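Visitor: Okay, here's what each chain looks like letter by letter:
Number of protein chains: 2
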Amino acid sequence: MEIHVVKKAGFCFGVKRAVDLAFQVAEDDSQPAVTLGPIIHNPQLIEKLKQKGVEVVDSAPDDDSTIVIRTHGIEQDLFDELKRSGHKIIDATCPFVKKAQEYAKLLSDEGYQVLILGDSNHPEVKGIMSYAGDGASVITADSDLPRLKRKVGIVVQTTQPLEALKTLISRTVGKVTELKVYNTICNSTAQRLKETESMAKNVDVMIVVGGKNSANTTQLAKLCESLGIKTYHIETASEIEAGWIRGSSKIGITAGASTPEWIIEETKEKIKDIGG
Amino acid sequence: MEIHVVKKAGFCFGVKRAVDLAFQVAEDDSQPAVTLGPIIHNPQLIEKLKQKGVEVVDSAPDDDSTIVIRTHGIEQDLFDELKRSGHKIIDATCPFVKKAQEYAKLLSDEGYQVLILGDSNHPEVKGIMSYAGDGASVITADSDLPRLKRKVGIVVQTTQPLEALKTLISRTVGKVTELKVYNTICNSTAQRLKETESMAKNVDVMIVVGGKNSANTTQLAKLCESLGIKTYHIETASEIEAGWIRGSSKIGITAGASTPEWIIEETKEKIKDIGG
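Chains as they are written, first to last, in the numbering used here: chain A, 76 to 351; chain B, 76 to 351.
Hints are computed from structural coordinates only; laboratory data are not their basis.
No incorrect hints appear here.
Same chains, same names: a pair is fine if it fits in one copy or spans any two.
No more than 20 Å apart at the CA atoms, straight line, and that leaves these computed lysine to aspartate or glutamate pairs for DMTMM-like: (1) K127 to D95; (2) K325 to D279; (3) K250 to E270; (4) K226 to E177; (5) K173 to E253; (6) K287 to E122; (7) K180 to E253; (8) K163 to D137; (9) K241 to E253; (10) K226 to D184; (11) K226 to E253; (12) K325 to E272; (13) K241 to D217; (14) K241 to D219; (15) K226 to E185; (16) K127 to E336; (17) K82 to E344.
Quick caveat, the model's predicted, so the values are computed rather than measured.
Let the sequences and hints guide you as you build the complete structure.
Guide: In structure tokens, the structure reads:
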């Protein structure tokens, strides 16, 4: 049995940076620490941080805990409130997400009606939206367009596929005089999708590893399913059932940007054990 | 026999304005006048102006003639040279083309690498190009892209189809961080194409009237041909042959933005005569 792992599977630059910052704070015994919302969308890693005393909170605690801001970023109001609260802040917002927030603000300041391409329920998008000014809208590639002004600006949730951006632009450009697009799609996401697609076409089963609450992991699973390949989305190796892979000669493994390396390794070992 | 004329056939706003300015100058006996290049792409109208003493020239004449700048505009250097020459200048550049020139300059000033979607041999595009700064390129929707920088700006020859702009953007947006598009496509062109397409689908023969050197007239003829309809591109009614339309029950007439009303009327009359 052959086991192939997508090269770009697992932590991207922004997640690695955020996790490193969170564990550094966790190791510092001089002060308690919390993360505002889950630092990344991976329950197993959140559990590890909890074991080290770093809890997830929804708002600033009453004690003097250091507050770590998660990789997806937070709303502008909340950020300002935290700064005023006197807490020590560690901003683990992904630098690419930070850019998207800044571009949204810039477009708004320059008088553009801002469209954010993404999932309105995702914390990253909620954060970007808070910088995009009055009259901004969150839309998907196919959802109804709002009433458009003469000058429209677009920023993109970093994990959106490029095709969605192309579709949105094609639907918009004929209706406006000026269109300014910040392509804030993260290359790492695009590459992971590309490599995953290419692998899925050459194996019998795809195992997609990562948080069920991780948008980019879920996207990988959907992609594999759309190609008609037998696909299983798991969070940990323990979920794998022997029946899924018995009789298969080629197994592919991919994982989202928030999936820790150790879980990918355990998945590989578990498949080897079953295969052997 | 039914004869249908496309409502938007003939002079657009910019052409009407340019022609009115040229005839005003022609009527003014106090001073000779010339047009720098043909004022519009219609040989018959150019001939009428010539009969009134307004010749087409390639560069500023030695006498004190008033110089009329044609609707497609001219290069920035030449414009500056004319202003310095002391000649009286009547700028009949279409206001929409002027906008495209201004946007090209603005994009260049703001540090964008400028792409001009259009035909590099067309005088309008040559004019826009002269404002677009170093490193600007003229491209068609399908031609090879130049090496792209991080910030790319697009302006469009006013007579290009919207589909071409969508194609160019789709090919560009994934390769850049920032894309600023000025949609300088003239609505009048789009509407004329749309009405012509709709009429061509409901007649037996399409007669397309206008200068053989008129890009937008030629585009109308190509559109009709691409729909598989019997199409004839003429400059004057005298070219029409009885055999083209005999036996047809529905004849459609369309005309480019630079085709004078009197030629469209003559065409209609000639067809009526043949039909009767």
